[in-house]
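So the protein sequences, as listed, match chains L, U, C, R, X and G. For the first sequence, counting from 1, position 88 maps to 88 in this note's numbering; every step adds exactly one. Quick note, this note's numbering runs 274 ahead of the 1-based positions in the second sequence. Quick note, this note's numbering runs 548 ahead of the 1-based positions in the third sequence. Quick note, this note's numbering runs 822 ahead of the 1-based positions in the fourth sequence. Quick note, this note's numbering runs 1097 ahead of the 1-based positions in the fifth sequence. Quick note, this note's numbering runs 1372 ahead of the 1-based positions in the sixth sequence.
For the record, the hints were derived by calculation from the structure and aren't laboratory data. Note that the Cβ used here is the ideal one computed from N, Cα and C, for glycine as well. Treat the hints with care, since some could be wrong.
Chain R residues, not near chain C, derived (Cβ > 10 Å throughout) [unchecked claim]:
1. PHE861
2. ASP865
3. ASN953
4. PHE963
5. LEU998
6. SER1023
Over the 12 Å line for every Cβ pair with chain G, so calculated as not near, a few chain C residues [what the hints assert, rightly or not]:
7. SER556
8. PHE644
9. GLY718
Straight-line Cα separation of at most 20 Å, EDC-like style, residue types lysine to aspartate or glutamate; simulated pairs [claimed, not checked]:
10. X:LYS1230 - L:GLU56
11. R:LYS955 - U:ASP503
12. L:LYS53 - X:GLU1226
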Amino acid sequence: MKLTKDVSKEDKKMLNSIFWRSFTVFGSRAGASMAHAPGFIYSIMPAIRRYYKNPEDQAEALSRHTTWYNITQNVGTFVMGLVASMEKKNSEEKDFDPDSIVALKTSLMGPLSGIGDSIFWGVLRVIAAGVGISLAAQGSILGPILFLIIYNVPSILTRYYLTYMGFTLGSTFIENIYESGSMKLLTKAASTLGLLMIGSMTASMVIFKSKLSIPISDGKPILIQTYMDQLFKGLIPLLVTLGCYWLLSKKVNVNWVLLGVLVLAITLGLLGVV
Amino acid sequence: MKLTKDVSKEDKKMLNSIFWRSFTVFGSRAGASMAHAPGFIYSIMPAIRRYYKNPEDQAEALSRHTTWYNITQNVGTFVMGLVASMEKKNSEEKDFDPDSIVALKTSLMGPLSGIGDSIFWGVLRVIAAGVGISLAAQGSILGPILFLIIYNVPSILTRYYLTYMGFTLGSTFIENIYESGSMKLLTKAASTLGLLMIGSMTASMVIFKSKLSIPISDGKPILIQTYMDQLFKGLIPLLVTLGCYWLLSKKVNVNWVLLGVLVLAITLGLLGVV
Amino acid sequence: MKLTKDVSKEDKKMLNSIFWRSFTVFGSRAGASMAHAPGFIYSIMPAIRRYYKNPEDQAEALSRHTTWYNITQNVGTFVMGLVASMEKKNSEEKDFDPDSIVALKTSLMGPLSGIGDSIFWGVLRVIAAGVGISLAAQGSILGPILFLIIYNVPSILTRYYLTYMGFTLGSTFIENIYESGSMKLLTKAASTLGLLMIGSMTASMVIFKSKLSIPISDGKPILIQTYMDQLFKGLIPLLVTLGCYWLLSKKVNVNWVLLGVLVLAITLGLLGVV
Amino acid sequence: MLKVALLAALTVFICYGGNWLFGQTMIERPLVVGMVTGFIMGDLHTGIIMGASLEAIFMGAVDIGGALSAEPVTATVLATTFSIIMNVNQKAALALAVPIGVFAAFISMFLKNVVMNIFVPIINKQARENNQKGLTFTHFFMWFLNYFIFSLVTFFGVLEGAQPVQALIKEIPDNLMAGLSATGGLLPAVGFAILMRMLWSKELSPYYFLGFVMVAYLNLPSIAVAVIGVIIVILNAYRDRQLLQIENNQKKVSVVNTEDSLANSEDKEEEDFFE
Amino acid sequence: MLKVALLAALTVFICYGGNWLFGQTMIERPLVVGMVTGFIMGDLHTGIIMGASLEAIFMGAVDIGGALSAEPVTATVLATTFSIIMNVNQKAALALAVPIGVFAAFISMFLKNVVMNIFVPIINKQARENNQKGLTFTHFFMWFLNYFIFSLVTFFGVLEGAQPVQALIKEIPDNLMAGLSATGGLLPAVGFAILMRMLWSKELSPYYFLGFVMVAYLNLPSIAVAVIGVIIVILNAYRDRQLLQIENNQKKVSVVNTEDSLANSEDKEEEDFFE
Amino acid sequence: MLKVALLAALTVFICYGGNWLFGQTMIERPLVVGMVTGFIMGDLHTGIIMGASLEAIFMGAVDIGGALSAEPVTATVLATTFSIIMNVNQKAALALAVPIGVFAAFISMFLKNVVMNIFVPIINKQARENNQKGLTFTHFFMWFLNYFIFSLVTFFGVLEGAQPVQALIKEIPDNLMAGLSATGGLLPAVGFAILMRMLWSKELSPYYFLGFVMVAYLNLPSIAVAVIGVIIVILNAYRDRQLLQIENNQKKVSVVNTEDSLANSEDKEEEDFFE
Ligand SMILES: OC[C@H]1O[C@H](O)[C@@H](O)[C@@H](O)[C@@H]1O
Ligand SMILES: OC[C@H]1O[C@H](O)[C@@H](O)[C@@H](O)[C@@H]1O
Ligand SMILES: OC[C@H]1O[C@H](O)[C@@H](O)[C@@H](O)[C@@H]1O
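Excised from the complex, chain L in its bound form:
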């Protein structure tokens, strides 16, 4: 509410339009090179139309945003607001470097997705699903309904306020905190929280249970899983996840990694390990 105060009426209209369009941002996915660029362009269009009157300038701005775009979507509106404010600045100031727009946009993708996916996929969805499952399991239609409400109310509010926040904070702010060193602190805070949550998701959502067992002459067989848990609980999920990370960090294509895990799991199945 505070955030929307100092914004002019026309800018408000534009930001609301961006907010609404942003819902479709992940509608299309243009493969591994552009990802959600089309959706981003569609969302940011109102800003481009508003600040550039000249068709060449508009074309230039649109082309600028045909590059890879992918951020947790209800957090990504922050970037959209920010880009809007930078496009505005670019349209006003002669010596503004338009490349900085894409640079900043791109540099924010990692931290924002990390924190966004952790919070929305990892916390909010899990809580909402927890509530939903226990109601639905008893056949109550309240299950799915509450699930949707618990998830979407904070989600949509976030989407809305971040649109305005990105715009009002603006690029000068971002540059300032970069220079003063505070950006490091912010990134560190976001990454810390993100990594913590991803660690917790690894433990709760990556699942591995071996059914291997050692036969005992007289008595029931001994489950290997019990002993692996005694060594370290969730060791295999942790190792698999770290392994995937290691491969990705060695620039192995994500599809190969996916395939690898698939093959691994099925092989283990065929071998009777799981």
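Given the coordinates of chain L, work out where chains U, C, R, X and G with the ligands should sit on it, guided by the hints.
Coordinates of chains U, C, R, X and G with the ligands only, in the frame set by chain L:
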């Protein structure tokens, strides 16, 4: 033991007297403006009598302490000892500012009560009651007796040693650590511990259980409380406490807050929520 | 693997020899004055023979190491490697102070044993035994076998790599990090981890259960232990351990402390307390 | 019945007044009050057992900064007396204790915080006149008056309450009863809020939530929270001290280097961002 | 059967396409999809119940960085439809859902990441020409095309799958089935690894393991981990800010004192040791 | 019986002597000793099972800094032998193991720390004379002598103990037995105290208590404590390194600014307060 070593015989007598009188400090409570000032005056009297021979000076000293006083009592003796040492100094040094006595006294009330109430109400009493209840529940008279012993032995020892500690450390010490910045560290340490304990007390002692439930066509009704616990355990107690704090910090009178909570609880009861 | 790369062939032979000899380091124990000095001398002999050609120098070096030696053995090879590198230096440089060899060796005993015993006695053995017990309890010979494998594979690898590490890092490194202040950090890290683990071992391995109980007229007697646990879980083990530490820190001979605990325990037994 | 009423009032006076005259030794807690009432009413065993139950119920009834959620003495004395003398069903007596306690708490606070204000001018006068005897007398007289008046609640409670109470229990709508019980659960919040006012700072507020989570999610008892708290505080203090020394050193250096004035103004900006 | 197949495909289109066209509102999750399928197939109750079971099974099926371990919509629609319409035993239907989900996930990723690449030059061209209408159209057309094609999987799945599925369940060797289920458990690792790539740094890596231990050994639910995380982050931020100020002050001072150039080179060495 | 005694003594020699001659590979632990004894005495199965029970009992019997609370080899060999050969009731045999272990621990420590002192002058002489063969011989001879003598305990224990043991079990007063068992529980304290001496510092002592609380109140297994410990240590190390650099920078600056000598003396005072 160490603490009482460097204290002269007469000062010892005085401090012991303060120690004994301090037991009555909360006997009277003179409303919202003075609180336990009468008790404080009664407790500190031996020091005033000892250091000021002149009736006018005594009257002045007594009047000085008619201001609001309230500190967890077995910790408050620290302030009494400290005040004694400052009154002594005031009686000896011409240019000592007597206002600093009340100022220091007042400034210590917050942190000392915070930490004192946390430890004595929050930890010691709870442990003692835990032991006491389980014995008394079986009808054993050991319950109340052990309860009193576990609570009072540390409590009275604290009261005693802090009387001496306040006196021997004295005001110079306090000023020194204020200047060097160490006071900040001490306050921070006390506040940290206090807040942690108050947080834990909020979770264990503020209780709210809704009996609302959603009827299920076939099957037993679903308790709302279960789902609130799934969202965040103890959410309502936490919110109520934070709400009270927020009101108090907005200078709302504590009695209104009390009344508000009362009305809230009864209303919830009448509405069948609890 | 990396560690062994820059080591000459002859030095490798020597280090391997030290590695193998180190297995016997605790074979003999020459009382309270030398402890495992004979084993250390036997282990380090290959280095002494290699770097000193002159019998007098060899004798001097051997004598140097007749002082007290005791470090968790699979971690102690680090010191052996380090000593080898220092003996080499001493044989090459005229103004090298041979006393520094013993000094450094001795100074490392505390931290290395602290961390070593914590990890190997406190973590690895406990995990290995956990797995082993549950298998063996069902009569499976896999119990002891897995126990030995889980414990010894990391243990022997540690022993091996630390031999090389001590040698290649060498004394210059150690001196450097001492000067830069990093040694403090390393010691702090090791001590932190060590103390944490010893604390956890105190809680899990020092055991005390009182069988004292208070008779209740009608109803079953009340176990004192229940109430001590309510006060603070594991209070007695904690106090006994801190007591032992306190005595040792007051230079009380360890045998007296052992005897004291023995007498204490038996007395408590005779009194019917345990 | 008069005798019972007198004895009950006396018990309240002894336990409640005694607690606050003699160093808040917790003889006001139900565990003790139950025992004393039982003893006086001639059924020690029942007294102790009811004390145990009531102690659990009133665990959150703390008196902090003068704000109390429920006054445990009156509640315990009445509930125990009803149960022993008037054969009120024990469970019903326990259920009644909470509303009684909440009600008594309001009376107690009204007395202490409002009524007792009348003594303020007297104390000021006596102090001005160095009337030490007078001050001492006033102190103890205030104590006596306060707890004497307060005991009357119990006196009339027993005298008049005998029959009505039985009736009341049946008549009070369940909902109201539930609401009154809930007050006992929620009111401690006010006491804690008072403490928070004394200690709260934005920088330290996370510790409040940490304490909350430690109990809510790790089920740690308060002694464990306290020990962990002390550990955290000590470790932080060492760190803080180290930083304090560095900053103090820096201050000394900056006296020499004058361009620092500039530096500070820049720091301000940053700070604003984080606030 | 054609009608059923059409309805099922429509459900997939609505839930999956709708989710991604309208702000990823999680209407693609089994809880919702189950309900919708149940409604459309005429047995709401079964739909809701199966949705609950499948939601639990697919809890780890997150879509992160475009990598998803199992596609929940197709899986839920098919399993629910088989169960309602074809009377497939409910447990068998649930067991089948995981391999279906894994299979569908691959198709979905193939479509989005590979096939849809054909639109890249078109978008570039439209942007260059400032063809805003065109861009808008392409955006929505890509959406339609993608989810339309994808829905065909379900269409043919139902049409052709009716009988074979029953047979398949009996024929698929248990081992293979177990392996397919295991993929559902292990594949989320890839999504988390993608996130880790974005955030990982040697300095912060301990927090990853902390989060892991908090769930594995303290059994904390995600909300508690998040709250503790925020607490840690805030406390750290205050410390970091304090240090940042000290360092900034130091930098200003070092401008004056020139021998610092020397100092920095020494620091480097130390750092190397710790890396 | 002589043969059994010899075999038992041999087992002790192999397991105890072997453990310490060959890298402390833990073949001295009951799990292994039980198995070996069972094998030698002809009842592997019983040996393994008793080993498991004894391992749990002797879990706290650690040998740290040369201080051990109970010697597990003799205890295990005797208990297992009694049980297999002499048909001593298994439970009774286990009960007997702790006092035997405590007794054997004292003998072992007496041998190693007191008796073996006689070799000290010999070793000094051989070193002075560069008698390397001699040193090697002494080393291994000490080993042999020590464990040979020690094995005699078991030899006579079996030879003489057969009947008496049965009698003893019945005769030892319960209280004494309980006391002997308690020693097994309390003696590990000494070993840990030895370690604490090596590591303790006021600044780090909180971590000792943290470790204690983590097990006592959070029931964490040792692997989890270790992982959390490593996390804490790494995070602290990064912080410490940062501070070290700041302090090192400061030192360099303070060389220039001479009024620091004054500053340091002030810091001292503060420090005293906190100590
Ligand atoms: O808060 C300090 C102090 O305030 C009042 O005097 C009472 O509530 C005490 O119980 C409390 O210790
Ligand atoms: O990771 C960011 C983002 O990537 C893709 O667009 C999808 O997987 C989303 O679910 C996710 O939020
Ligand atoms: O403490 C170091 C070291 O001391 C002695 O040699 C034995 O107790 C070993 O088990 C231990 O590792």
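Taking the hints in turn, this is what the structure says about them:
| no. | hint | result |
| --- | --- | --- |
| 1 | PHE861 | holds, 17 Å |
| 2 | ASP865 | holds, 15 Å |
| 3 | ASN953 | holds, 48 Å |
| 4 | PHE963 | holds, 41 Å |
| 5 | LEU998 | holds, 36 Å |
| 6 | SER1023 | holds, 29 Å |
| 7 | SER556 | holds, 23 Å |
| 8 | PHE644 | holds, 20 Å |
| 9 | GLY718 | holds, 22 Å |
| 10 | X:LYS1230 - L:GLU56 | holds, 16 Å |
| 11 | R:LYS955 - U:ASP503 | violated, 58 Å |
| 12 | L:LYS53 - X:GLU1226 | holds, 15 Å |
The earlier numbered hint that this structure contradicts is number 11, and it is the only one.
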